[in-house]
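Once you have looked at the hints, place chain B on chain A.
As a plain string of letters, each chain reads:
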Amino acid sequence: FRFKDSLAEDLRSADLVISHAGAGSCLETLEEGKPLIVVTNEKLMDNHQLELAKQLHRDGHVLCCNCSTLVETLESMDLSTLKPFPPGQPEKFALFLDGVVGFQ
Amino acid sequence: TGGHTTEILRLLSCLSESYSPRHYILADSDNMSEVKIRSFEQKRSETFSNSQFTFHRIPRSREVRQSWTSSVVTTVYSIFYSFPLTYKLKPDLILCNGPGTCVPVCISALLLGLLGIKRTIIVYVESICRVETLSLSGKILYYFSDYFIVQWPDLKEKYPKSVYLGRIV
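Chains as they are written, first to last, in the working numbering: chain A, 168 to 271; chain B, 10 to 178.
This is chain A alone, in the form it adopts within the complex (with noise of 0.2 angstroms):
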């Protein structure tokens, strides 16, 4: 398929995540707690949108590789070292700006 509105409920069958660096969908993918290999192109891609996959591979939560490499990354990739990405916490934002806004 080309678009459609919505991929969470692939994202909940699949058992591997392939995808490009965008941020949303890393995110999407690590927070419904699926295995995700980032392929990077650093031609195409402005350096901003690598600086989050970078992160995440650096944690631990990303498998990182470029076109020529998926191959071998599928071969010998172990996802067992992937670390589980844990939520956001928005109650911490809500928390912070009661306290700048005066409601307590």
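Careful, some of the hints might be misleading.
Said to hold, decoys possible - Quick list of in silico lysine to any residue cross-link-like pairs, SDA-like style, CA-CA up to 25 angstroms:
#, chain 1, residue 1, chain 2, residue 2
1, A, Lys210, B, Arg139
2, B, Lys52, B, Met41
3, A, Lys259, B, Asp39
4, B, Lys127, B, Gln61
5, B, Lys165, A, Lys171
6, B, Lys52, B, Ser25
7, A, Lys221, A, Val184
8, A, Lys171, B, Lys45
9, A, Lys210, B, Arg74
10, A, Lys259, B, Tyr152
11, B, Lys167, B, Lys99
12, A, Lys250, A, Leu183
13, B, Lys52, A, Pro253
14, A, Lys221, A, Glu198
15, B, Lys148, B, Asp39
16, B, Lys148, A, Glu198
17, B, Lys99, A, Val267
18, A, Lys171, B, Ser48
19, B, Lys167, A, His215
Because the hints were derived from the structure by calculation, they are not lab data.
For chain B alone, coordinates are given in the frame of chain A:
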């Protein structure tokens, strides 16, 4: 737009009823965000009885990768548009997270403050995508916001006046 809307709705998800009425300011070219926001507000009204929100449209201040000089022109044009809107709304609080749309609105709020008309608290939350560098909106509003929140420790180090609460979306 897109990712920004998803992020800001997550930020709003734990806010109490006191944050009302909510005015959502969108770029005129943005089609998807209104749908997402309505869905969010719809869910919210299941818990909170008083759900007042409105949509406002302003011209988009800058296209992705638009040149610097033409961006200044389009941003100035957006300020002429957003100033009357901000003047009418006189918000107590502006919450934004990075799309070009937010810069003219914040500048308008600053002008209102300078003119002694209304003092608005400006809270900027940089996107979770920004790990090592700030967006252009972030670079500008770092100096003009009351609270500038970053979601990765690298940025807190580089921008010491920022607030770091960890990942909040």
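Structure-based check of each hint:
1. Lys210/A to Arg139/B: With Cα atoms ~19 angstroms apart, Lys210/A and Arg139/B stay inside 25 angstroms; holds.
2. Lys52/B to Met41/B: 17 angstroms, holds
3. Lys259/A to Asp39/B: 29 angstroms, violated
4. Lys127/B to Gln61/B: Distance ~22 angstroms between Lys127/B and Gln61/B Cα, so the pair holds.
5. Lys165/B to Lys171/A: 37 angstroms, violated
6. Lys52/B to Ser25/B: 14 angstroms, holds
7. Lys221/A to Val184/A: Between Lys221/A and Val184/A the Cα gap is close to 17 angstroms, so the pair holds against 25 angstroms.
8. Lys171/A to Lys45/B: 15 angstroms, holds
9. Lys210/A to Arg74/B: 16 angstroms, holds
10. Lys259/A to Tyr152/B: Holds, at roughly 23 angstroms.
11. Lys167/B to Lys99/B: Since the Cα atoms of Lys167/B and Lys99/B sit roughly 33 angstroms apart, the hinted pair is violated (cutoff 25 angstroms).
12. Lys250/A to Leu183/A: 14 angstroms, holds
13. Lys52/B to Pro253/A: 24 angstroms, holds
14. Lys221/A to Glu198/A: 17 angstroms, holds
15. Lys148/B to Asp39/B: Satisfied, since the Cα-Cα distance of roughly 23 angstroms is no more than 25 angstroms.
16. Lys148/B to Glu198/A: 29 angstroms, violated
17. Lys99/B to Val267/A: 18 angstroms, holds
18. Lys171/A to Ser48/B: 18 angstroms, holds
19. Lys167/B to His215/A: Since the Cα atoms of Lys167/B and His215/A sit roughly 16 angstroms apart, the hinted pair holds (cutoff 25 angstroms).
Taken one by one, the earlier hints fail for this structure at numbers 3, 5, 11 and 16, listed in ascending order.
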